[in-house]
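K.L.:
In the order they appear, the protein sequences are chains U and C. Per our numbering, the first sequence runs over residues 1 to 109. Per our numbering, the second sequence runs over residues 1001 to 1224.
Simulated from the structure, these hints should not be mistaken for lab results. These numbers come from a predicted model, not from an experiment.
Cβ pair distances, simulated, as ranges:
(1) C:Trp1163 with U:Glu75: 39 to 45 Å
(2) U:Glu61 with C:Leu1204: 54 to 60 Å
(3) C:Gln1220 with U:Ala79: 31 to 37 Å
(4) U:Ser32 with C:Glu1032: 16 to 22 Å
(5) U:Gly17 with C:Trp1006: 29 to 35 Å
(6) C:Leu1156 with U:Gly17: 54 to 60 Å
(7) U:Thr77 with C:Ser1003: 36 to 42 Å
(8) C:Leu1135 with U:Ser31: 46 to 52 Å
Quick reminder that beta carbons are idealized off the backbone N, C-alpha and C, glycines included.
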Amino acid sequence: MLGEFEYVILTAASRLGKQAYGAVVRDEIESSAGRKCSIGALYTTLDRLEQKGLLRTWAGEATAERGGRAKRMIEVTPAGVKAATEFYESIQRVSRGASWAPAPDGGAA
Amino acid sequence: MTSLGWSVVTTTALLLEPCEREAVLGDIAESESDVWRGFEDVAGLALRRQLQLWRDWRPWLATFGLALPCSFLFMGFSLSVSAMAREIPHQSGIGQLLSQATLLAICAWTCGYVASTLARQTIWISAAACGLPCLFCLSRFGIQHQSRWELLIFLLPAVFGVWVAWRMFRSGRGISQRTALLLALLTATLALPGIHAVSGLVVLVLAWPGWYLAVTSRQQSQTN
Chain U
1 MLGEFEYVIL
11 TAASRLGKQA
21 YGAVVRDEIE
31 SSAGRKCSIG
41 ALYTTLDRLE
51 QKGLLRTWAG
61 EATAERGGRA
71 KRMIEVTPAG
81 VKAATEFYES
91 IQRVSRGASW
101 APAPDGGAA
Chain C
1001 MTSLGWSVVT
1011 TTALLLEPCE
1021 REAVLGDIAE
1031 SESDVWRGFE
1041 DVAGLALRRQ
1051 LQLWRDWRPW
1061 LATFGLALPC
1071 SFLFMGFSLS
1081 VSAMAREIPH
1091 QSGIGQLLSQ
1101 ATLLAICAWT
1111 CGYVASTLAR
1121 QTIWISAAAC
1131 GLPCLFCLSR
1141 FGIQHQSRWE
1151 LLIFLLPAVF
1161 GVWVAWRMFR
1171 SGRGISQRTA
1181 LLLALLTATL
1191 ALPGIHAVSG
1201 LVVLVLAWPG
1211 WYLAVTSRQQ
1221 SQTN
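Chain U extracted, bound-state conformation:
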């Protein structure tokens, strides 16, 4: 099963689609999850996810705003989509009936 941060990265990368690379995934995580994301945590988790076959990364184009440096592009693989879906469903299942979880009719439990 995925770790929480692994799930956050897969979700951010999946949402960004073909535009996903290191800097924008980091911004996406910081804005959507509302927490600080260090490059160290991001890159080492990307490596781990890549080793598990849940995403793939490659050297992308270099742009002027990056000082002519290449991007680390990210793409979620079908296995990554499956793992993230399973994680999301399991979180929903274990949260059912908890006071903080929304009730089936949309209100609080």
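Starting from the known structure of chain U, fit chain C onto it as the hints suggest.
P.N.:
Using the frame of chain U, we list chain C on its own:
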């Protein structure tokens, strides 16, 4: 970010592998982080990468099985060879001096080479593990008629061994099986005449990198 701040970040980024350095510096430039955050990001990633390397057994062996114990033994060996050189006109024969000096050079070179081969990316930790006992012994040196720098004779071939291993890695080559076996046999041959209970143990410790090299180069040649 000021140019000085950027210089700090790019210098710290030298701790990263070139391809990763490129992507990380690009991300920092794009996100327009301040100096502290840029430094924190790069240093944090470099630290994580170093810690990951220590999950493997090789850096442990290179540092605590090779660099640290051998530095003590090599300092003693270096002093012994230099004392022998000083006594040539009186007692020692030139043949014995040559054989011991060659043994020292080969063992130290092999240790440097093997330490660098085992743990290229953590070689600076191994170097520190070798250097700290040297500094300690230099500061406590008190033998009359001998210079304290004679302790460090072994460093020349050892550093040369590290450099050769680094060059070979860059060119994608390794030491040939024949050379490795020759080094191991030469070490044994030179060590045998002077062997006794204590020095035998010392030579055994100093000689294992040579045999390690012979065995691993054989495995590599079989794989290729």
